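Asks: Residue strings, one per chain:
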Amino acid sequence: MGVQLDLLINAIVAGILLGGFYAAVSVGVTIAFGMLDIANISQPAFILLGSYAAYIANLYFGLDPILTGIVMMPLFFMLGMAVYRLYYFAFERRGEQAIQGLAFFFGLLFVGEVSLVLVFGVDYRFVTTAYIGPSFHIGIVEVPLRMLVPCVFSLIMVGLVQLYLSRSFIGRAILAVSQDRVALQLMAASPIKIKQIAFGISIATCAVAGSFLIIIQEVEPSIGRDYIGRIFAICVLGGMTSMPGMLVAAMLLGVVENITSTFYGPSWSPAVAFGLLLVTLAVRPSGLLGRQ
Amino acid sequence: MRNRVFWTILVAVGLIFVVVSRLTIANDYFYFAGYVVLQYIVLSTAWNILGGYTGYTNFGTGAFFAAGAYSSAVLQKLPALLLATLQWKIPPVPLPIMILAGGIVSGLIGLGTGYLTLRLRGVFFAIATLALSIVMQTLIVNWGFVGGSRGFYAIRPALAPLGGSYIQYLFTLMVLLAVIAVGVARSIERSRLGLGFHAIRDDEQAAEASGVPTLRLKLISTTISGGLMGMAGAPLPYYVTYLTPTSSFDLQYAVNSVAMPVIGGMTSWIGPVIGAILLGTIQQLATVMISSAANLLIVGLLLIAFVTLAPNGLIGLPRQSPFLFGFRGRVSRRQIWLSFLLPLIGITIAVNVAGLLVEMLQPQIPGVALAQLFSFATLWPQLAVGAKRCHDRGRSAWFLLIGLIPLAGPIWLFIELYCLPGDSGDNAYGPAPEATGTPLAQAA
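Protein sequences, first through last, are from chains A and B.
Going by this note's numbering, the first sequence opens with residue 5, and the numbers climb by one from there.
Going by this note's numbering, the second sequence opens with residue 8, and the numbers climb by one from there.
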């Protein structure tokens, strides 16, 4: 039984670290989907784009992936604003965002994936940094640095986003847009501009999240799909609009996934996120911390 | 057209198609490629019953399709299993039975997803279907009986029923399935059931309030849609002979079955058929001429282009842009020069130059061929605008056929369409075009 307990504790710790990373991946969708009501299922494609940017910078210039991620943020921000512009003019303005907009993002996801395949092929790519190999031990618990570093930076990022949303004018306007856009309009703020900035932020987080991803695991273009389920499961489970809720949900998913893969084998772990998502959607669509 | 008449014509078309291709084409490649296109007709028609008629987006086509394929796999292994465990001897299950079984299994899964619509609408339903597809893939990967992640070998029977090679047999079955799918879709469209579906699509709450049994209708819609997808998937093991979870749950089935109705048009049965034939054929050609990754890129880009620029698909184009795609009314000589011929020449030159540049920089991409494809796509606007110019001259649109006469035909046509003025005042085809304003003004 002792060995089992070891395994369990290790799985929980690793799960929490993984959950920290999942939080970074899900911030963007919590903003886009939860707050702006834009079902951006192409988010994983942008995350992978971030991963490959980190990969190139690491391969040719030996840059640290997280640094690359942070440097790339403004570029991703602008990309996000451009995508929102297109989305707004093609769908939101006509009030046809439901099916058409969804199909649009679905196409974007697919195009992103196939473009990456065409450019990089289907080989697994990875980065090399000082903190990818080693790990340290606290008692029986093993803490790999390649998990700890992304987790810490991810928590910092989520904290900053939360701070920005709750303290700055534009951040509060973003929250306001999610609650009542007409009221916002009456206060002389343009919902479109606010949403554009918010969507830009949502895509900008992908640059960093992508760099975390390629630190944690080797990356190939089709792994993005697995993240659709995780991201949306976390977003829905977390109650759509709340950052703390999202964080709790991310940790929970990380732990459950890790326990499953420790005790039943990794081939089951993709089903965990999606199964959790299906159950949440069917039983408690308002999320863990949401109002019923 | 009455329903019975339509079914008769549909069956006749299917029959003639099979017989003619069997008699004239011996090359197996035709049947391999045709099978895929037909399979997409079934998938996109099935998708459209739920997505287009009822308004629920399904991203889980792969799940229903693969469920059909894997129920065939189970049925194929069944005789051996029964013999080993219970000493029962049963003959190998014939493929039509497998298709039925696949339809039933996927129909039941569809019924299950139907109950999801009780809680989930719009985006949430779409994400849930995507989730369903991944969950089912994980189950299959971990199910050793059908090969798990290693895959499953299907051994084709030595003799194909109905004569010919086995692929011809599969092709024939797929024609049958396409006929069934299209017939069912059209029957639904013209029935009370279809009206109910449309009511749900347009406003589910209002439909519910006016006494439409929304849950029952949604369950019917998801079941039929899922069942047809399963039937399309059932022959897959025999088509590929080596079935893996990754290939049978491939995202491209989902993307294609969304893209084809969107490109063809989701409001009518003909939309998915047009979309499937067009996109399916382009993909087959692109796979041969460029690469299989490039053909997926084409699908994705076309999906994005159509959903942003032509949200009602090809069949919605005449209404969306009557000047370029409609065949009614008149177009003046001034309009055809300024709004059609000159822009068309400019764009054609630009596209060809771009294609040439691409081909010079990346020799493996046939840029010039793609530019030709664009010219082919302008055929419809050419016919539409030409027809309206004929009308302007008081002639029927059939006059365009004169262009088929070698040498003299095109010259005559050019003089008629581009040089001579139209009738002054009203004629049989409508009022004089300048009076109703320029096409730009009409569009605005």
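No lab work stands behind these hints, which were simulated from the structure alone.
Everything numeric in this text was worked out from a predicted model, so none of it was measured.
One or more hints might be untrue.
What the hints assert, rightly or not - Here are a few chain B residues that sit away from chain A, every Cβ distance over 10 angstroms (derived from the structure):
id	residue
1	H205
2	Q327
3	L331
4	P417
Claimed, not checked - Derived Cβ-Cβ restraints for the label pairs, each shown as a range:
id	chain 1	residue 1	chain 2	residue 2	range
5	B	V375	A	M191	37 to 45 angstroms
6	B	R29	A	V287	25 to 33 angstroms
7	B	T248	A	P248	19 to 27 angstroms
8	B	P103	A	D10	34 to 42 angstroms
9	B	G129	A	L159	26 to 34 angstroms
10	A	F130	B	L146	51 to 59 angstroms
11	A	N14	B	L146	22 to 30 angstroms
12	B	R335	A	R171	57 to 65 angstroms
13	B	P370	A	P138	33 to 41 angstroms
The beta-carbon is built from N, C-alpha and C at its ideal position, and this holds for glycine as well.
Asks: For each hint, tell me whether it holds in the structure or not.
Replies: Each hint tested on the structure:
Remark: the non-interface label on H205 of chain B is consistent with the geometry, its nearest Cβ contact in chain A lying 14 angstroms away (cut-off 10 angstroms). Distance check on Q327 of chain B: its Cβ is at least 12 angstroms (rounded) from any Cβ of chain A, clearing the 10 angstroms threshold; non-interface status holds. Taking the minimum C-beta to C-beta distance to chain A, about 19 angstroms, the non-interface status of L331 of chain B holds against the 10 angstroms cut. No beta-carbon of chain A is positioned within 10 angstroms of the beta-carbon of P417 of chain B; the least distance is around 38 angstroms.
At about 56 angstroms, the beta-carbon gap between V375 of chain B and M191 of chain A misses the expected band of 37 to 45 angstroms. The supplied range of 25 to 33 angstroms is broken by R29 of chain B and V287 of chain A, whose beta-carbon atoms lie about 53 angstroms from each other. Checked against the hint of 19 to 27 angstroms, the C-beta distance between T248 of chain B and P248 of chain A comes to roughly 53 angstroms, which is inconsistent with it. For P103 of chain B and D10 of chain A, the hinted distance range of 34 to 42 angstroms is not satisfied, since their beta carbons lie about 55 angstroms from each other.
Distance hint for G129 of chain B and L159 of chain A: a CB-CB separation of about 32 angstroms, consistent with the stated range 26 to 34 angstroms. F130 of chain A and L146 of chain B have their C-beta atoms about 30 angstroms apart, which leaves the hinted 51 to 59 angstroms range violated. Checked against the hint of 22 to 30 angstroms, the C-beta distance between N14 of chain A and L146 of chain B comes to roughly 27 angstroms, which is consistent with it. The beta-carbon spacing between R335 of chain B and R171 of chain A, approximately 60 angstroms, falls within the hinted interval of 57 to 65 angstroms.
The hinted range of 33 to 41 angstroms is not satisfied by P370 of chain B and P138 of chain A, whose Cβ atoms lie roughly 46 angstroms apart.
Hints 5, 6, 7, 8, 10 and 13 from the list above are not met by this structure, while the remaining hints are.
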